[in-house]
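Asks: The hints should help you fit chain B onto chain A, whose structure is shown.
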Amino acid sequence: MTFISRTIAPIVDFLAYIGALWKLTWQTFLAFLRPPWEFRPLIYQLDSSGIGSWSITVLTAIFTGMVLALQFASGLRPYGASMYTGKLVSLGIVRELGPVLTALLVGGRVGSGFAAELGSMAVTEQVDAIRALGADPIKKLVAPRVIACMIALPLLTMMADLIGCFGGMIITVQEVGVTPRFFYSQILETLGIVDLLHGLGKSVFFGYMIAITGCFVGLHTTGGTEGVGLSTTKSVVAGAVGILISDFLLTKLFIALYG
Amino acid sequence: MEPDRPSPYASDPIISFRAVKKAFGPKVIYEDCTLDIYPGETITIIGGSGTGKSVTLKMLIGLLKADEGSISAFGTEVTTLGESGLLPIRKRVAMLFQGAALFDSLTVAQNIKYPLREHHWGDEKRLDERVAEVLDMVGLPGSQKLKPSELSGGMRKRVGLARAIAVEPDVILYDEPTTGLDPINVRRINGLILSLQKRLGVTSIVVTHDMDACFTFTDRIALLHNRRFSFVGTKDEAHHCDNRYLQEFIAGGRGTLDEDVE
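Protein chains in written order, with the working numbering: chain A, 1115 to 1373; chain B, 50 to 311.
Looking at chain A on its own, in the form it has when it is part of the complex (with noise of 0.2 angstroms):
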């Protein structure tokens, strides 16, 4: 009995946490939609969460990119094809590792500080006091920041696919000895805009997890100061799972839609 209960009670808080959160999505998108509308606090996140996020994800980029051309280049030498490696390294980048990296990097930033910030409101008082006031914390608070990392995202996305393809062909063309006009075509050779889509389409979804995740989070935060500390190390970790899962998940439903 006890062991049954023990398997089957993560199971049950799992599906009521999936649960939580898809009824928080339903109220943030109706709070979003419903008026007066304020651009406010949709800019002022679009700042901090976004334009704030750009130098971690320059450099996540920029050695992301390196380091696959390192290793592609490396290990297609043996069979005379490390002239292809812009192919590998501009897909890889394009279609997984630019809406991931950034995604994991900008979640760890973001939705930390979104559950301490939140969490601390909640702990403080401040959420019940948004209510009491008249007003709903989830308009105020959760709506703004899950549009603004729906926007932030996919355009940083495309900023790590830039830089990243760039930084790949410094490697490769000091490492193989092609120039960056052969490296360019072969990029344009092997994206087409379903890969681009593929990619942005999924960084869509992983600024809605962070978002959504960190909001969550920090607005169930409960016991003082110890909470908002848990509370962020939570959302990190369900905000990172998350994404994996969902990066799985959408890259099978994506290909088996367009190849």
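Simulated from the structure, these hints should not be mistaken for lab results. Predicted model only: the values in this text are computed from it and were never measured. Be aware that a few hints might be false.
Computed Cβ-Cβ distance ranges for the label pairs, DEER-style [unchecked claim]:
id, chain 1, residue 1, chain 2, residue 2, range
1, B, Leu155, A, Thr1139, 23 to 31 angstroms
2, A, Arg1154, B, Gly301, 44 to 52 angstroms
3, B, Lys70, A, Leu1364, 41 to 49 angstroms
4, B, Thr228, A, Arg1148, 32 to 40 angstroms
5, B, Gly171, A, Pro1149, 18 to 26 angstroms
6, A, Val1318, B, Leu155, 28 to 36 angstroms
Note that CB positions come from ideal geometry on N, CA and C, so glycine has one too.
Replies: Only chain B this time, still in chain A's reference frame:
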């Protein structure tokens, strides 16, 4: 109570709790919470720490849902209302939170304008005037541009109070208004509660541990003990009541009885 003030108890109660039950998991807060609040009175809820005094206030404005029973405010049943249905109640019943719950990212003026905007008080000029007015009332004129982090504990409470009274509520709920303050600020806040009561004629529900203050401004006292209001009555009735817990509470001996409460 002011001698020339008409007795509020002649009219019907504006707020009624009837057989309310509330539990958080296994911890039962209320088994049978029954209480009437009359217009214009000041009632103080006392009781041991962790007995759920604040829960009464939060259930009244729908921040917490009662498990069973009925809570009515101004003739409306609160327990069945959703967030949008609660708006008219929240406009008439304002709350001063224990830690003031000011929004850290906003200035004092923006904090006070927050409920005014939500309740469509008027244009920006009218809002600025109202902010200046209520800051004057709480003795903090000219502090519009300060951030909550620049305020002392007492000032935060006063700004919280200014924010609560800004929309001209009929009822003000005070959740431990003087907890954690120095004696000067305690006196200042108590004085404010008293003066607001006189100037605005509002109904006040105060949750406090401060018995001295309680006897200064309250009309009635409600004692929360054993998951129900075991005593509700005037100050005089409280003094002459044979409820041992209440007498010990008044005498300041509540430390010895906290175990009973648990």
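Asks: Sort out which numbered hints this structure fails and list those numbers smallest first.
Replies: none
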